[in-house]
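Q: Read off the chains here:
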Amino acid sequence: MKEFIKIDNVYFKYDENDDSDIFALNGINLTIGKGEFIAVVGHNGCGKSTLAKHLNSLYLPTTGDVYVDGINTKDDDRLFEIRKKVGLVLQNPDNQIVAGIVEEDVAFGCENLGIPSDEIRKRVDNALKAVDMYEYRTHSPDKLSGGQKQRVAIAGIIAMEPECIVLDEPTAMLDPQGREEVMSTITRLNKEIGITIVLITHYMEEAAAAGRVVVMDKGNVLLSGKPKEVFSQVELLKRHRLDVPQATELIYKLKNCGCNVPDCVLTEEECAEAVFKLLKEKTSASLSYSQVRKRVK
Amino acid sequence: MAVIRTEKIRFVYGAGTSFEKTALTDVSFEIESGEFVGIIGHTGSGKSTLVQLLNGLLRPTEGTIFLNGKDIWEKPKKIRNIHFKVGMVFQYPEYQLFEETVYKDIAFGPKNMGLDDDEIDQKVRNAARFTGLREELLESSPFELSGGEKRRAAIAGVIAMDPDVLILDEPTAGLDPLGREALLSQIADYHKVRKNTVLLVSHSMEDIARTADKILVMSHGQKVMLDTPEYVFSKVRELEKIGLKVPQITKIMMLLKEKGVNVDPSVLTVEKGLNEILNLLSDANNNCSRL
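Sequences listed follow chains C and U, in order. Note that the first sequence covers residues 1 to 297 in our numbering. Note that the second sequence covers residues 1 to 291 in our numbering.
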């Protein structure tokens, strides 16, 4: 996989005059490949959002460098190029909608890039179709649901034809259906158009859908790997104020009781399948009730 | 006795204008004193309108709301007293902190209730304890606190008014998993000690399943059901149709049931699910040894 974003030994401090050695980002190194879908998780204050804002030059490293497709984010002359390549979607959809009509809102970014108007028309239509909001193009954004607004915000980014979208807790304020709409939209953009996705989230079920999960702690990478590799480390995650999906937790606990189950499952279906198999193999599972109880304690 | 009773309430935003929008229609329910009620519903289902009606911030277009048997709008000029009795914690309440010190911020509500200094002091310290704010933080500026601490301070400000009914709108949004769990169990402890009524609005079915005695389900401005979590989460199809879900563990149990396994699908926590499966395994073993 071709390298797209490179975070090279980055330290960051919010207050330049602060002499303490506490950094929001603390010597972090991370490489994101082109077309990758990574989820970044970590407790409040671990530096996730600070990192997100480094990916399109909103913040610049105190020391170290961030490269987007080979361009250093400190290169002021190429700022627009960087912002065009990496789009950012924030937590609260109400804070990022600027126009009174959906399609005008989606066009806003393109207009700022100075794209010809007939080209904008095409891009806006395509972007709205990509997030499944085309039929709402003449509606007023404030009448939409949270999930719909968030998809409009994503469309505004897509219209700029970025190579990468960074989403900072895009589903924190949404209901279960809105969450699912946003998740299936970004999964599709990644799979079908090949857009690189960096998803920051507190929902472990969402992180489980990514190709790679990066766990952050104290401004650095604690753990990075395929979802199953990361979520099999239940104790480590819990020690760092995190959690695993309930499906993963159930299988983990069964395993601790000596049951013959896979090392890690992520989805409800996988979990039900594993438990079903376990129950079917009940004759070979040679645990007596009292043994099981003892191990649970 | 019912602490809150609503009778056919209807609420219309911008009545008589071209932006007229009906947010609630024909909503009637009763909440017993001391209950912990979770409120769920899709975005725009009317949850927030409903809770604002319950503490008198909005006035129903039609219908009546009774608090302890009394119409809350009987004396419109006295509606302020309803704000004290039905305490409301809004979404992202940390944006509402404004005082110089955490202590003064928490004391703002009780002060407006006209309490004397000793009473205020007691209420502030109690509220801080309930929300897990350390005593030494009380003298610092609320803006020096961490995000989680700010949220606790804001919630303490409402708890300090000692409301009969405490309403929290998405109190855990944006907190990390441990922060979410800690805050929820503090609210549950407060509920247990204070024995008042708590209404919790949340999009997290797992959080609601863990804490609530009853769940009020809203959809398109109407009440869909008000029942126990076991009953509500057994209605998977109905919930999915209105954009909601059941907790992941409940879904797993249902999938097992569909595969013909004899499990109780109304399991709401991982611990219960684990016990259920272990019981099945040991039953199986006992049967085997008998063979």
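A hint or two may mislead.
Said to hold, decoys possible - Lysine-lysine pairs mimicking BS3-like chemistry, simulated, CA-CA at most 27 Å apart:
#1 C:K280 <-> U:K85
#2 U:K8 <-> C:K143
#3 C:K228 <-> C:K280
#4 U:K259 <-> C:K255
#5 C:K277 <-> U:K259
#6 U:K272 <-> C:K280
#7 C:K282 <-> U:K257
#8 C:K6 <-> C:K53
To be verified - Incomplete in silico selection of chain C near chain U, CB under 10 Å:
#9 N44
#10 E111
#11 L113
#12 A172
#13 G178
#14 E180
#15 M183
#16 P245
#17 A247
Quick caveat, the hints were computed from the structure, so don't treat them as lab data. If you're wondering where the values come from, they're calculated on a predicted model, not measured in any experiment. Using N, Cα and C, we set each Cβ at its ideal position, and we do this for glycine too.
Q: Confirm or reject each hint.
A: Now for the hints, and whether the structure bears them out:
1. Restraint check: the Cα-Cα separation between K280 of chain C and K85 of chain U comes to about 56 Å, which exceeds 27 Å; the hinted pair is violated.
2. At most 27 Å may separate the alpha-carbon atoms for a hinted pair to count; K8 of chain U and K143 of chain C meet this at roughly 25 Å.
3. For the hint pairing K228 of chain C with K280 of chain C, the CA-to-CA distance comes to about 24 Å; that is within 27 Å, so the pair holds.
4. Only pairs whose Cα atoms come within 27 Å are accepted, and K259 of chain U paired with K255 of chain C is accepted, the gap being roughly 21 Å.
5. The straight-line distance between the Cα atoms of K277 of chain C and K259 of chain U is roughly 11 Å, inside the 27 Å bound, and the hint therefore holds.
6. For the proposed pair K272 of chain U and K280 of chain C, the alpha carbon gap of about 21 Å is at most 27 Å, so the pair holds.
7. Only pairs whose Cα atoms come within 27 Å are accepted, and K282 of chain C paired with K257 of chain U is accepted, the gap being roughly 17 Å.
8. Between K6 of chain C and K53 of chain C the CA atoms are separated by roughly 14 Å; this keeps the pair inside 27 Å, and the hint holds.
9. Nearest Cβ of chain U to the Cβ of N44 of chain C: about 5 Å, under the 10 Å cut. The hint holds.
10. With a cut of 10 Å, the hint placing E111 of chain C at the interface with chain U is violated, because the nearest CB-to-CB distance is about 28 Å.
11. About 31 Å separates the beta-carbon of L113 of chain C from the nearest beta-carbon of chain U, more than 10 Å, and the hint is not met.
12. For the restraint placing A172 of chain C at the interface with chain U, the shortest Cβ-Cβ distance is roughly 5 Å, inside the 10 Å limit, so the hint holds.
13. Restraint check, G178 of chain C versus chain U: the minimum CB separation of about 6 Å is within 10 Å; hint holds.
14. Hint status for E180 of chain C: holds, given a least beta-carbon distance of 8 Å to chain U, under 10 Å.
15. Taking 10 Å as the C-beta cut-off, the interface hint given for M183 of chain C is violated, the closest approach to chain U being about 13 Å.
16. Evaluation of the P245 of chain C hint against chain U yields a held restraint, the C-beta minimum of about 6 Å falling below 10 Å.
17. A distance limit of 10 Å between C-beta atoms decides the matter here; for A247 of chain C the minimum to chain U is near 6 Å, and the interface restraint holds.
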